[in-house]
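Asker: Here's the letter readout for the chains.
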Amino acid sequence: MSDTTNPRNLSDDDRVESDRLLHDALTGGKLPRWATAAVAAAALVVAIVLNLLTSVDGVAGTLVVAVLLFVAFQTLWSFRVEGRRHAVDRLATTAVYATFVIALAPLVAVLLTVIVQGFQVISAEFLTTSMRGVSPRAEGGGLYHALIGTLQQVGIATLFGVPLGVLTAIYLVEYAPSAKNRRLARAVSFFVDVMTGVPSVVVGLFIYTAFVLTLGMQRSGFAASLALTILMLPVIVRSTEEMLRIVPNELREASFALGIPKWRTILKVVLPTALSGIITGAMLAIARVAGETAPLLLTTFFTNSINVNPFNGPQAALPTFIWDQFNSGTDPSRSRAWGGALVLIVIVMLLYAGAKLIARYTGVKK
Amino acid sequence: MSTTVEPPGAPSSAPTADGIKGQAVRRGDRVFLGLSRGAGVMILAIMASIAAFLVWRAIPSLQANTANFFTETQWSPDAEPAFFGIAALAFGTLMTSIIAMLLAVPVGIGIALFIAHYAGRRLAAVLGFVTDLLAAVPSIIFGMWGLAFLMPQMEGLLVWLSTYLGFIPLFQNDLEQYTRSLAIAGTVLAIMILPTISAISREVFVQTPREHIEASLALGATRWEMVRMAIFPFAKPGMISASMLGLGRALGETIAVALILSASFDINWHITEPGGTTFAANIALKWNEAGTIGLSALIASGLVLFFITLAVNMAARIVIARRSDFSGAN
Amino acid sequence: MAKRIDVTDLDIYYGSFKAVEGATFSVEPRSITAFIGPSGCGKSTVLRSLNRMHEVIPGAYVDGDVLLDGEDIYGADIDPVNVRRTIGMVFQRPNPFPTMSIYDNVVAGLRLEGGKRRKADLDDMVEKSLRGANLWEEVKDRLDRPGSSLSGGQQQRLCIARAIAVEPQVLLMDEPCSALDPISTLAIEDLMEELKERFTIVIVTHNMQQAARVSDTTAFFNLSGVGKPGRLVEMATTEAMFSNPTQQATEDYISGRFG
Chain S
1 MSDTTNPRNL SDDDRVESDR LLHDALTGGK LPRWATAAVA AAALVVAIVL
51 NLLTSVDGVA GTLVVAVLLF VAFQTLWSFR VEGRRHAVDR LATTAVYATF
101 VIALAPLVAV LLTVIVQGFQ VISAEFLTTS MRGVSPRAEG GGLYHALIGT
151 LQQVGIATLF GVPLGVLTAI YLVEYAPSAK NRRLARAVSF FVDVMTGVPS
201 VVVGLFIYTA FVLTLGMQRS GFAASLALTI LMLPVIVRST EEMLRIVPNE
251 LREASFALGI PKWRTILKVV LPTALSGIIT GAMLAIARVA GETAPLLLTT
301 FFTNSINVNP FNGPQAALPT FIWDQFNSGT DPSRSRAWGG ALVLIVIVML
351 LYAGAKLIAR YTGVKK
Chain V
367 MSTTVEPPGA PSSAPTADGI KGQAVRRGDR VFLGLSRGAG VMILAIMASI
417 AAFLVWRAIP SLQANTANFF TETQWSPDAE PAFFGIAALA FGTLMTSIIA
467 MLLAVPVGIG IALFIAHYAG RRLAAVLGFV TDLLAAVPSI IFGMWGLAFL
517 MPQMEGLLVW LSTYLGFIPL FQNDLEQYTR SLAIAGTVLA IMILPTISAI
567 SREVFVQTPR EHIEASLALG ATRWEMVRMA IFPFAKPGMI SASMLGLGRA
617 LGETIAVALI LSASFDINWH ITEPGGTTFA ANIALKWNEA GTIGLSALIA
667 SGLVLFFITL AVNMAARIVI ARRSDFSGAN
Chain G
697 MAKRIDVTDL DIYYGSFKAV EGATFSVEPR SITAFIGPSG CGKSTVLRSL
747 NRMHEVIPGA YVDGDVLLDG EDIYGADIDP VNVRRTIGMV FQRPNPFPTM
797 SIYDNVVAGL RLEGGKRRKA DLDDMVEKSL RGANLWEEVK DRLDRPGSSL
847 SGGQQQRLCI ARAIAVEPQV LLMDEPCSAL DPISTLAIED LMEELKERFT
897 IVIVTHNMQQ AARVSDTTAF FNLSGVGKPG RLVEMATTEA MFSNPTQQAT
947 EDYISGRFG
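Residue numbers (our numbering), protein chains in the order written: chain S, 1 to 366; chain V, 367 to 696; chain G, 697 to 955.
Bear in mind the hints are in silico, worked out from the structure with no lab data behind them. Given the structure is predicted, the values throughout are model-derived calculations rather than measurements. No false leads were mixed into what you were given.
Simulated crosslink set (EDC-like; lysine to aspartate or glutamate; CA at most 16 Å straight-line):
{"id": "1", "chain 1": "G", "residue 1": "K892", "chain 2": "G", "residue 2": "D912"}
{"id": "2", "chain 1": "S", "residue 1": "K268", "chain 2": "V", "residue 2": "D395"}
{"id": "3", "chain 1": "S", "residue 1": "K30", "chain 2": "G", "residue 2": "D773"}
{"id": "4", "chain 1": "G", "residue 1": "K836", "chain 2": "G", "residue 2": "D800"}
{"id": "5", "chain 1": "G", "residue 1": "K815", "chain 2": "G", "residue 2": "D800"}
{"id": "6", "chain 1": "S", "residue 1": "K356", "chain 2": "V", "residue 2": "D498"}
{"id": "7", "chain 1": "V", "residue 1": "K602", "chain 2": "V", "residue 2": "E569"}
{"id": "8", "chain 1": "S", "residue 1": "K30", "chain 2": "G", "residue 2": "D768"}
{"id": "9", "chain 1": "S", "residue 1": "K30", "chain 2": "S", "residue 2": "D89"}
{"id": "10", "chain 1": "G", "residue 1": "K892", "chain 2": "G", "residue 2": "E724"}
Negatives, chain G to chain S, calculated, CB over 12 Å:
{"id": "11", "residue": "E834"}
{"id": "12", "residue": "D837"}
{"id": "13", "residue": "A875"}
{"id": "14", "residue": "G921"}
{"id": "15", "residue": "Q944"}
To list a few chain G residues with every Cβ distance to chain V over 10 Å, as calculated:
{"id": "16", "residue": "D707"}
{"id": "17", "residue": "S722"}
{"id": "18", "residue": "G736"}
{"id": "19", "residue": "G760"}
{"id": "20", "residue": "Y770"}
{"id": "21", "residue": "E823"}
{"id": "22", "residue": "T881"}
{"id": "23", "residue": "L882"}
{"id": "24", "residue": "V922"}
{"id": "25", "residue": "E930"}
{"id": "26", "residue": "E935"}
Each residue gets a CB set at the ideal place from its N, CA and C atoms; glycine is no exception.
Sequences and hints are given; from them, build the entire structure.
Answerer: This is the structure in structure tokens:
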């Protein structure tokens, strides 16, 4: 690389030397293509030998040893032949691939556990009856009452949360930059961030103190939905904000140039352009709060009976149903808990899939 | 909300025939600005009232408390006289969160890199969708799974840790029981916040401008050097906010932890032994058996949790703000 | 420092789509070679295949020989990372690293080498490279400011400084002036005249006057038809190309009849 002689005056010998330097500069030493596979195979073989000869035991243990050996072999070989930079690069690549395998295993295990355990109890009866009069030790019963509660609570929360969140995002993106008083906007933006970090159980406490202790309301599905609203808000604001910022400024300017006032520009140009992203964000927010348990325990508790009035008394919901059944600890109640988990996951996944479909079919995407 | 009604017959906000003369600020704009600003103010109001209500309702128990609120480990607010403190709660909360972050941040960023820049396009799309779906798995399900599936699986590893690394106090296990421990709760938390961290990191990784990636490659950077030169600097605020969201979730996570830990009110550095509890789990577990002072004490502990998460978020925001000069947004 | 490039029968693909077919040409050391042609004719693609930047795009690959002083840069034992280090590149849009200062941008490539470098040596390299890019006088007092604080033309010269700091053999420039104003463009063109004393330069340009002004050799690329791959129509000294092209298509393009 440091070949700085002037090539114009090169002798033939120098020229040969310079060609060699160039070759070295370009190859810099490189492991053959089959290196990764060879090292992997060697590591596996050594690990199996260790498994047979030493205390290394079990499939998982042997695999871990094999991976460690693979990393060690490859890094050493690469360091010798290719140098430090490539050795580090290979190490990083291995680590990145490894993280994925490490992560995917438990995540898939969660889904499999829920599906396998849950399918055993899912039936028409399970979906259409409540737990009224069913003892924890008995088979039967269902989560109909919880389904109603979740739909109502999440529905009300969405009704409040989405408009509030979208409006806040509009304020932050469309109005705040041109406002004279930027301090308010900065405070709002800051506290939206802070709000994402507020634990759901604290929100439950707040609703309880404000609405039950202070206003004297009873614990109810409505109180729960207020807690869920607060939990949805920052998610919706952030996702909407992100989408609004992606909308190109040229679109807004084009609209202003046609003499269309700002609020109509926002409604007719900006929001539709960002719509799929906003809906996606909202659905993700809904999916997120649908599984919240702690705030519901605090604000509405649960019941075994059907309660279709969210303003009156304890109302069941899927997460609290699962919590109650799981903690009852008997075999039938635990399997009901898994059934509830499966239903809850299916609902959440449907919301996700729906969000993705909407994003795909309404066009606008990054 | 404000309900400004346009008088009947008033011209709509379309330009009037006499050209550019008109209201300087249109009514529609004013209403819309008012609405959206109102929504923003509402957020501030909610945050302020969370603090205000919790403080107000925490006071009775703090007045009744005969122990030091910050150093006492026991939790008996409904006893006569009341004595309780958050030392054990704070310890358990921080310990589980630290374990979770140590495990989840590198792995989460690794997953995000894998999806964004290492995997092929089709594989990346599928895997991205999978992690998206998993981000939505409710925490109660993680808790059940942790108890029913993960805990037995982890026993071997924890035994190994305490056998060979037992000289480190953290891994020491005098009880020879390896269930319902802070280590298991922390691991479940790590898995729970993994999709959050990876999904958000991936989003910013993908947005790294192609020009910066190509600039580094054209300088002769290896793939990892490209990641460090072009992707990480660009994505740093995003990675911080991803970790911040993950930490927030870990600190405040309630149900999964409540299911897994066998609650005990002590400070036990042996993280593989059963026991420990957290702010959030304690609130959920004690809520329905608490008397008046008990509720107030739980609210007081919730207030502390609120302030801790507040501090974490603010710290993260300051880190982001300091680099805004170099953010790449200009 | 400067090397020659010989390309033989180069086919370039994006997945199953063949973007360029059968390109054969040579680039002389210490000269400026301009690639011209209508949009989508594959001239940028050819440029990017000269330092293996083409394959950075998923599914992209090439077939054929690209020799750098006789060494096939697509050879089995060749490391693309080293190829890119030996053959520098400047892009259409100025792309300084936004999180790095002007100083750090210039030494970004050097720092990859690792090892301890003395601050004074780095300072010297920064000054030398920035002087080489005709930017030193404008930025010497604010080397710690972000690279993105500069104007577009300055940013592009910063990118050139960054590229020449690692002392490559060849400098590839992909429409380096298309995002710049006329005065900045002129500054870059002057700079290229100086740089060709030290580097082999290949430039892609949309601007025929620019090709005529700066280049010694011009290659004209064109599509062989709608949806068909691009190909090299003809290549000659710039003077010959602009005064006396042998192909009708070249004459049509140069005289502005299409493209």
